[in-house]
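Visitor: Sequence:
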Amino acid sequence: MKFSEMTYTRPDIESLKKAAQHAAEALAKAASAEEQIAIYRAFEKESNTVETMATLAYIRHTINTKDEFYEKEQDWLDEIMPELEELNQMVSLAILASPFRAELEAEFGSILFTNMEIAVRSFKPELMPLMAEENRLSSEYQKLYASAMVEFDGKTMPLPMLGPYKQSTDRAIRKAAYETEGRFFDAHREELDTIYDKLVHNRTEQAKLLGYENYLPLGYDRMQRNCYGPEKIAAFRNQVVSDLVPLVAKIKKDQQERLGVDHMYFYDDIMMFPDGNAKPEGTADDILAAGLKMYHDLSPETAEFIDFMYENELLDVLSKDGKAPGGYCTSIPDYKAPFIFSNFNGTAGDVDVLTHEAGHAFADYRAVRKDYIRPLQSPTLEACECHSMSMEFLTQDHHKNFFGNATRKYEIGHCEDALIFIPYGCLVDEFQHRVYENPDMTPEERNELWASLEKKFRPWLDFGDLPFYGRGAGWQRQLHIYGSPFYYIDYCLAQTVAFQFWIASMEDRKAAWEKYLAFTDLGGTLSFEDLVKSAGLKVPYEDGCIKEIGEAIGRWIEENPLA
354 MKFSEMTYTR
364 PDIESLKKAA
374 QHAAEALAKA
384 ASAEEQIAIY
394 RAFEKESNTV
404 ETMATLAYIR
414 HTINTKDEFY
424 EKEQDWLDEI
434 MPELEELNQM
444 VSLAILASPF
454 RAELEAEFGS
464 ILFTNMEIAV
474 RSFKPELMPL
484 MAEENRLSSE
494 YQKLYASAMV
504 EFDGKTMPLP
514 MLGPYKQSTD
524 RAIRKAAYET
534 EGRFFDAHRE
544 ELDTIYDKLV
554 HNRTEQAKLL
564 GYENYLPLGY
574 DRMQRNCYGP
584 EKIAAFRNQV
594 VSDLVPLVAK
604 IKKDQQERLG
614 VDHMYFYDDI
624 MMFPDGNAKP
634 EGTADDILAA
644 GLKMYHDLSP
654 ETAEFIDFMY
664 ENELLDVLSK
674 DGKAPGGYCT
684 SIPDYKAPFI
694 FSNFNGTAGD
704 VDVLTHEAGH
714 AFADYRAVRK
724 DYIRPLQSPT
734 LEACECHSMS
744 MEFLTQDHHK
754 NFFGNATRKY
764 EIGHCEDALI
774 FIPYGCLVDE
784 FQHRVYENPD
794 MTPEERNELW
804 ASLEKKFRPW
814 LDFGDLPFYG
824 RGAGWQRQLH
834 IYGSPFYYID
844 YCLAQTVAFQ
854 FWIASMEDRK
864 AAWEKYLAFT
874 DLGGTLSFED
884 LVKSAGLKVP
894 YEDGCIKEIG
904 EAIGRWIEEN
914 PLA
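In my numbering, each residue carries its 1-based index in the sequence shown increased by 353.
Please note that the accuracy of each hint is not assured.
[Said to hold, decoys possible] List time: in silico SDA-like cross-link candidates among lysine to any residue, alpha-carbon distance up to 25 Å: (1) K496 x K673; (2) K477 x Y581; (3) K603 x G823; (4) K723 x E882; (5) K863 x E882; (6) K398 x M576; (7) K868 x H649; (8) K900 x G823; (9) K723 x L870; (10) K673 x G635; (11) K646 x E867; (12) K585 x K606; (13) K355 x E397; (14) K673 x P517; (15) K606 x T760; (16) K632 x T700; (17) K676 x K863; (18) K561 x N488; (19) K370 x K382; (20) K561 x Y549; (21) K603 x G635; (22) K528 x I773; (23) K632 x N488; (24) K355 x L641; (25) K398 x P686; (26) K603 x P812; (27) K868 x L832; (28) K398 x T362; (29) K886 x E901; (30) K689 x L651; (31) K355 x K673; (32) K868 x D705; (33) K762 x V706; (34) K528 x L832; (35) K508 x K676; (36) K370 x E404; (37) K496 x D669; (38) K370 x A386; (39) K689 x S368.
These are calculated hints, taken from the structure and not from any lab test. Every value quoted in this text rests on a predicted model; they were computed, and no experiment measured them.
Throw the hints in and build the complete structure from the sequences for me.
Guide: See the structure below:
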């Protein structure tokens, strides 16, 4: 079914409450594992319909945040989502109490029980008002960001449309674009500080009510981290500082020489080449057509997938007034349909959408067509990001469809950018660890912390006299810090896995693709560590992993200079 034909009706929460109560009672009385499995699947069907409606409302709200109907529906959903959490917990508790656990584990795997136990300990009904407030605050930030319209180059435009100007070959234009962006955030400084302060204290209060020391361990539980904790992530960040930051600093020095500038400023940072970064050829329609061809040429599996996406209008990628910033992929359960949302702006990032977000969508498309129950269709989020980031590199042979003669420039820029991203992701992560360990920080102290971590993870950056960025407030433009705490390190973990898939593909493309396909087809049936090991790859926080990857990618960069 086409997305435009998918009908939204407000979910019947009372009906779902009755279904959850019935399921919990029936599970407790069931005489066999087979009976419990049937009861669980029946409840899941009703739960999926509610999730479908919530997802449709969210997508349509983010496509047009000025649509009053979907704005009100999203506000209502923000309020009732904690109730859905309570209903899921009611059923989970009944499953966890099952006398047939061994048989259920044989059917679903032990990972289901591990994840349910994490979900149960990280929620209780008394939290629902706080969780509803947290949702409201996150939506408030998103609405503020989405409402941003700035004057630039004689035009009024949303913030994402500054993207091409930030990559202009004219240095003054690049600087002016960042100044314009910074002025918007500075104008809303007090509002942004207040929203975040409320979010930090709200989440801290939730943690205390659950008996956690602070929000850090609760945040990890909310991310369903079932095979590692803060200690392993700290070890990963330390490896990045010791083994990757020096390599990135060298890449930045080479970039400075390429650009021919005496001193690198922040507004030079994403400018990889003096004649401009690689841009896709043609219009947005041309890019979408090239994406269709790419996935047809890549494999029969991706051909089937992309036809489904295009035929059913499951992409909304053009930037427009009122559209929420950023990009995402989500899933509409009842229609077994992924959905890709983005903001094309005429840069190479548009192609990255068709590889990154389509990597998520491809994995979802495959998983929902298997017999996995809903909680096992997708793995934890760092493994989901492996799907997307690996696809960016496994499609390399087809990038010429988008860039023509500029393909080599794109590949070099994409590789360097992926490597450079990892220290930034670690910066975002350590910032959040420190904030939630010290929730009473003032706005000024948070900015000072961010500025000090910039020097640790990105010592090559000089913000000069830029507003907003220069005072250490750059973290406020990172959506995940407000809406998805502790998510960002997942991109870093996934990038190291993606690099390993890419390195493997340079040795044997067919074998690497088969490994990737098997990795995605496992869905959420294994933990992140076990998924990575199943593909014959190293777990990112394993000793020496970052050093090994950095050396391999460093060699590729040296061996593939721009002709």
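Visitor: Evaluate each hint against the coordinates.
Guide: Now for the hints, and whether the structure bears them out:
1. As the CA atoms of K496 and K673 are separated by approximately 14 Å, the hinted pair is consistent with the 25 Å bound.
2. For the hint pairing K477 with Y581, the CA-to-CA distance comes to about 23 Å; that is within 25 Å, so the pair holds.
3. Restraint check for K603 and G823: satisfied, since their Cα atoms lie roughly 23 Å apart, inside the 25 Å limit.
4. Under the criterion of a C-alpha separation no larger than 25 Å, the hint pairing K723 with E882 is consistent with the structure, at around 22 Å.
5. A distance of roughly 24 Å separates the Cα atoms of K863 and E882; the hinted pair therefore holds under the 25 Å criterion.
6. The hinted pair formed by K398 and M576 meets the criterion: a straight-line CA distance of about 24 Å does not exceed 25 Å.
7. Of the supplied pair hints, the one linking K868 and H649 holds, its CA atoms being roughly 19 Å apart against a limit of 25 Å.
8. For the proposed pair K900 and G823, the alpha carbon gap of about 32 Å is over 25 Å, so the pair is violated.
9. Distance restraint check for K723 and L870: the Cα-Cα separation of roughly 14 Å lies within the 25 Å cut-off, and the hinted pair is therefore satisfied.
10. At most 25 Å may separate the alpha-carbon atoms for a hinted pair to count; K673 and G635 meet this at roughly 19 Å.
11. Distance hint between K646 and E867 is fulfilled; the C-alpha atoms sit about 20 Å from each other, no more than 25 Å.
12. A hinted pair counts as satisfied when its Cα atoms are at most 25 Å apart, and K585 with K606 does not qualify at roughly 31 Å.
13. Of the supplied pair hints, the one linking K355 and E397 holds, its CA atoms being roughly 24 Å apart against a limit of 25 Å.
14. For the suggested pair K673 and P517, the alpha carbons sit about 15 Å apart, so the restraint of at most 25 Å is met.
15. Pair hint K606 plus T760 holds up; C-alpha atoms about 23 Å apart against a cutoff of 25 Å.
16. Distance hint between K632 and T700 is fulfilled; the C-alpha atoms sit about 5 Å from each other, no more than 25 Å.
17. Between K676 and K863 the CA atoms are separated by roughly 39 Å; this puts the pair beyond 25 Å, and the hint is violated.
18. Only pairs whose Cα atoms come within 25 Å are accepted, and K561 paired with N488 is accepted, the gap being roughly 18 Å.
19. A C-alpha spacing of about 19 Å is found between K370 and K382, which places the hinted pair at or below 25 Å, so the restraint holds.
20. In summary, the hint linking K561 to Y549 is supported, as the alpha carbons are separated by about 18 Å, within the 25 Å threshold.
21. The straight-line distance between the Cα atoms of K603 and G635 is roughly 34 Å, outside the 25 Å bound, and the hint therefore fails.
22. For the proposed pair K528 and I773, the alpha carbon gap of about 21 Å is at most 25 Å, so the pair holds.
23. The hinted pair formed by K632 and N488 fails the criterion: a straight-line CA distance of about 37 Å is larger than 25 Å.
24. In summary, the hint linking K355 to L641 is supported, as the alpha carbons are separated by about 17 Å, within the 25 Å threshold.
25. Between K398 and P686 the alpha-carbon distance is near 9 Å, which keeps this suggested pair within the 25 Å criterion.
26. As the CA atoms of K603 and P812 are separated by approximately 11 Å, the hinted pair is consistent with the 25 Å bound.
27. Between K868 and L832 the alpha-carbon distance is near 32 Å, which puts this suggested pair outside the 25 Å criterion.
28. A distance of roughly 16 Å separates the Cα atoms of K398 and T362; the hinted pair therefore holds under the 25 Å criterion.
29. The straight-line distance between the Cα atoms of K886 and E901 is roughly 16 Å, inside the 25 Å bound, and the hint therefore holds.
30. As the CA atoms of K689 and L651 are separated by approximately 22 Å, the hinted pair is consistent with the 25 Å bound.
31. At most 25 Å may separate the alpha-carbon atoms for a hinted pair to count; K355 and K673 meet this at roughly 21 Å.
32. In summary, the hint linking K868 to D705 is supported, as the alpha carbons are separated by about 22 Å, within the 25 Å threshold.
33. Our distance criterion of 25 Å between C-alpha atoms is met by K762 and V706, whose separation comes to about 18 Å.
34. Among the hinted pairs, K528 with L832 is consistent with the structure: their alpha-carbon atoms are about 22 Å apart, no more than 25 Å.
35. For the proposed pair K508 and K676, the alpha carbon gap of about 17 Å is at most 25 Å, so the pair holds.
36. A distance of roughly 14 Å separates the Cα atoms of K370 and E404; the hinted pair therefore holds under the 25 Å criterion.
37. Note on K496 and D669: the hinted pairing holds, with a Cα-Cα distance of about 18 Å set against a maximum of 25 Å.
38. For the given pair, K370 sits about 23 Å from A386 by alpha-carbon distance, which is consistent with the 25 Å threshold.
39. Among the hinted pairs, K689 with S368 is consistent with the structure: their alpha-carbon atoms are about 23 Å apart, no more than 25 Å.
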